[in-house]
Amino acid sequence: MITGIGMVTPAGADTATTWKTVCAGRPTAAADPRLAGLTIDFSCMVTGFDAELVLGVDARRMDPFTQFAVAAARAAVADAELADGSWHPTRAGVVLGTAVGGQQTWEEQGQRLRDRGARMVNPLTVPRAIPNIAAGTVAMDLGLHGPSLSVATACASGTTALGHALDLIRAGRCDVVLAGGTEATSTPLLATAFDRLKALSRNSANPAGACRPFDEQRDGFVLGEGATMLVLERAADAAARGRRAYARLLGYGSTSDAYHLTSPAPDGHWAELALRQALADAGVHASDVALVNAHATSTPQGDAIEARLIERVFGRGAAVTSTKGVTGHLLGAAGAVEAGLTALSIAQGVIPPTANFGSADADAADIDIVHGTAREVPVPLAVSNSFGFGGQNAVVVLGSV
Amino acid sequence: MFEYLCTILSTTYQVSGTIEPTMTFNDLELDSLSLAELGAQLEDDLGVTVEEENLTAETTVADIAALLEAQGAVVPA
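Read top to bottom, the protein sequences are chains A and B. Residue numbering for the first sequence follows the numbering used here, beginning at 1 and increasing consecutively. Residue numbering for the second sequence follows the numbering used here, beginning at 1 and increasing consecutively.
Chain A with its partners taken away, still in its complex shape:
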């Protein structure tokens, strides 16, 4: 069961604001002062989040990717109404995805080394920046003494983390798992490096319209930042303490294209297999799925391949949305954000629209893309897709309570 959701995203520094902004289909991409002067000078930024206010002076020891994770984890636990000490310490764990880790720290300290010399490098550089430190800090902050796992499957990391968390619960290794993803990669080097790969939209003239999932004019993704953490626990445990749940996490599928460093396999075969594995793991049929929260980052090739595989599996039977039109692409956090939003779609009976969708690309002409306004419709069963560089595919299936 998903009994708590904590979000810090470009669409809002909390879950309620994020949900409202996403349902309004209001894009968040804007000029980013951290990227001023670069070819890519815009991103989807987290605003209204004061790390020191939320986390106190300890925030100085954390890269933003850890700050987002800890804030989201605290919010998720509070949302789940889990009081301090309500779990057995060694039966509670954390599984956290990140594609890159503490990128801001690496870049800032590298610059200090070049500009001011070795003595000016912060001695906390390594513990601020290593990819596992966000999970480690969440465990420290909440007193979780069970497994603390960090998952790096590029842009599938958040979804992969949820799959492994589900397995920890199902295997009986944990009673409570905080699972999700975090990322803070709107940095000069990352923005430039992704641009050099031709992965990003260059629509600096109209940042708000830059991320256009499934639209024929899409030209790349927009960097986003933030975190989402979900509280997972068994249905019986949630019921025993009288806690309502948003949704059930029912199944997980994972495959590798084993094809190319950055390009997905052109026929989408392995991604489709991950989707079919997830459905089989959940014990459900494709025809019963009402919603697909697509990976759809707004790249020409990736969206086309995903649209065709969605059509093969669901036809027009499932509504499709890409919430990245609002949030941008949070890389290793994307799957967690989207699973959280999918759980809210199930709980609220609302499917957010795909922002900036105007004319469907030919490859996406035969799927039912929700756009314009949110669609109010029961969502008993949904899937959330994530695909990463290196050909790593992860899909989760969520159902109503």
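Treat each hint with caution, since some may be false.
Okay, the calculated beta carbon distance ranges per label pair [what the hints assert, rightly or not]:
#1 A:R34 with B:V75: 30 to 38 Å
#2 B:S10 with A:R34: 37 to 45 Å
#3 B:Q14 with A:T17: 51 to 59 Å
#4 B:E69 with A:P123: 17 to 25 Å
#5 B:E3 with A:I130: 33 to 41 Å
For the record, the hints were derived by calculation from the structure and aren't laboratory data. Beta carbons: idealized from backbone N, C-alpha and C, even for Gly.
Got chain A; can you put chain B on it based on the hints?
Chain B in isolation, oriented as in the chain A frame:
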């Protein structure tokens, strides 16, 4: 300098209670990570060099204040 040190110790490093000049960093419960941070912060803020052996758990606040003053450190405005 002593007042400046008291201010950053109580704010950034959350040392509670009254800080006496004769107190060591061990008395103030600063761990090795915090001492490393403090040394880097002093070098950054004051433009001086603080060698590791001069900032240990046994160093007193008065010791480090005197060291900084001897190096001509000026409290930032």
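Outcome of the hint check:
1. For R34 of chain A and V75 of chain B, the Cβ-Cβ distance of about 31 Å falls inside the hinted range of 30 to 38 Å, so the restraint holds.
2. Between S10 of chain B and R34 of chain A the C-beta distance comes to about 31 Å, which lies outside the given range of 37 to 45 Å.
3. Checked against the hint of 51 to 59 Å, the pair Q14 of chain B and T17 of chain A fails, with Cβ atoms roughly 30 Å apart.
4. Taking 17 to 25 Å as the suggested C-beta distance range, the pair E69 of chain B and P123 of chain A conforms, at roughly 24 Å.
5. Range check, E3 of chain B to I130 of chain A: Cβ separation about 37 Å, and the 33 to 41 Å hint holds.
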